[in-house]
Amino acid sequence: ILFLREFGWWVEMNYAIPEGDVGRLMEILKIYMFTFAGTANQNYVGYLLDLYALLRYECSPDLKDGILNNFLFNLNDGPGNFDIAGRRGGDFDEQFYHRTVAPNVLHFLKMKEDMESAFALKRRWKAHTSPHLRDETQILLRLYKDEELRKFRSCRSMGHAAVNTFDRGYHRLDAEKMAEHVERST
Numbered sequence: 001i002l003f004l005r006e007f008g009w010w011v012e013m014n015y016a017i018p019e020g021d022v023g024r025l026m027e028i029l030k031i032y033m034f035t036f037a038g039t040a041n042q043n044y045v046g047y048l049l050d051l052y053a054l055l056r057y058e059c060s061p062d063l064k065d066g067i068l069n070n071f072l073f074n075l076n077d078g079p080g081n082f083d084i085a086g087r088r089g090g091d092f093d094e095q096f097y098h099r100t101v102a103p104n105v106l107h108f109l110k111m112k113e114d115m116e117s118a119f120a121l122k123r124r125w126k127a128h129t130s131p132h133l134r135d136e137t138q139i140l141l142r143l144y145k146d147e148e149l150r151k152f153r154s155c156r157s158m159g160h161a162a163v164n165t166f167d168r169g170y171h172r173l174d175a176e177k178m179a180e181h182v183e184r185s186t
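Residue 25 in my numbering sits at position 25 of the sequence shown; the count goes up by one each step and never skips.
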């Protein structure tokens, strides 16, 4: 049941992104804020709390619209294509750039750095670095096939029980994490 719930959130997000529906995406990210708070990795919850606080309490309406309009993009250059200029060849002496974008360029750059570090983005190499693991992988795959791990068995335990990370995250944020985050970020 927990998997289906989380899969439903993921499906909703995957429909919202191509449609350019930032509002639906932000609602799912608010849910993920609690879910990530219930896991061992706290980097994502910190990023989402910062993003939510920025959009909710710190941004002007124009800056909020600018950030949200840049959150999603359309690779086909069709309707709903969001980019920083709003159109190709935009005039950089427009009031929007002077009053909204220019004072916040450092924040945009920091958001890029935060995203890169949060997801451990770095240059990928085309060479395989671990050829010595191929034998172990084949042994493991053979074991999976012999034990029929791809099939459900009610008597089989995988050594753990599914945890409701959303509820755990809600209680963690309520009890301690929110206060820690506010203290750290102010």
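Treat the hints as calculated values from the structure; they're not laboratory data.
All figures in this text were calculated on a predicted structure; none of them were measured in a lab.
Keep in mind that the hints are not guaranteed to be accurate.
As the list claims (entries may be wrong) - Calculated pairs, DSS-like style, for lysine-lysine (alpha carbon to alpha carbon, straight line, at most 30 Å):
#1 30 <-> 177
#2 112 <-> 177
#3 151 <-> 30
#4 177 <-> 110
#5 110 <-> 64
#6 145 <-> 30
#7 64 <-> 112
#8 64 <-> 30
#9 151 <-> 64
Unchecked claim - Cβ-Cβ distance ranges computed for the label pairs, FRET-style:
#10 19 <-> 154: 33 to 41 Å
#11 154 <-> 39: 34 to 42 Å
#12 147 <-> 178: 37 to 45 Å
#13 107 <-> 9: 25 to 33 Å
#14 147 <-> 103: 57 to 65 Å
#15 144 <-> 68: 39 to 47 Å
#16 103 <-> 153: 57 to 65 Å
#17 68 <-> 139: 22 to 30 Å
#18 136 <-> 19: 39 to 47 Å
#19 40 <-> 137: 42 to 50 Å
#20 153 <-> 110: 46 to 54 Å
#21 12 <-> 114: 19 to 27 Å
The C-beta atom is built at its ideal place from N, Cα and C for all residues, glycine as well.
These are the hints, each one checked on the structure:
A C-alpha spacing of about 15 Å is found between residue 30 and residue 177, which places the hinted pair at or below 30 Å, so the restraint holds. At roughly 24 Å between alpha-carbon atoms, residue 112 and residue 177 fall within 30 Å of each other, so this suggested pair holds. Proposed proximity of residue 151 and residue 30 is contradicted: the alpha carbons are some 34 Å apart, above 30 Å. For the proposed pair residue 177 and residue 110, the alpha carbon gap of about 23 Å is at most 30 Å, so the pair holds.
The hinted pair formed by residue 110 and residue 64 meets the criterion: a straight-line CA distance of about 16 Å does not exceed 30 Å. Distance hint between residue 145 and residue 30 is unfulfilled; the C-alpha atoms sit about 39 Å from each other, more than 30 Å. For the given pair, residue 64 sits about 16 Å from residue 112 by alpha-carbon distance, which is consistent with the 30 Å threshold. Restraint check for residue 64 and residue 30: the C-alpha separation of about 16 Å stays at or below 30 Å, so the hint holds.
In summary, the hint linking residue 151 to residue 64 is not supported, as the alpha carbons are separated by about 47 Å, beyond the 30 Å threshold. Remark: the range hint 33 to 41 Å for residue 19 to residue 154 is upheld by a beta-carbon distance near 40 Å. Between residue 154 and residue 39 the CB atoms are about 27 Å apart, so this pair departs from the stated range of 34 to 42 Å. As the Cβ distance of residue 147 to residue 178 is approximately 43 Å, the hint placing it in 37 to 45 Å holds.
Against the hinted window of 25 to 33 Å, the Cβ-Cβ separation of residue 107 and residue 9 comes to about 28 Å, which satisfies the hint. Remark: the range hint 57 to 65 Å for residue 147 to residue 103 is upheld by a beta-carbon distance near 60 Å. With their beta carbons about 44 Å apart, residue 144 and residue 68 fall inside the hinted range of 39 to 47 Å. The hinted window of 57 to 65 Å between residue 103 and residue 153 holds, with their beta carbons roughly 60 Å apart.
The given range of 22 to 30 Å is broken by residue 68 and residue 139, whose C-beta atoms sit roughly 49 Å from each other. The hint said 39 to 47 Å for the Cβ distance between residue 136 and residue 19, and at roughly 43 Å that hint holds. At about 26 Å, the CB distance of residue 40 to residue 137 disagrees with the hint of 42 to 50 Å. Separation of residue 153 from residue 110 is about 49 Å and conforms to the stated range, judged on CB atoms against 46 to 54 Å.
Look at residue 12 against residue 114: about 24 Å separates their beta carbons, and that is inside 19 to 27 Å.
When the structure is compared with the earlier hints, violations turn up for hints 3, 6, 9, 11, 17, 19 and for no others.
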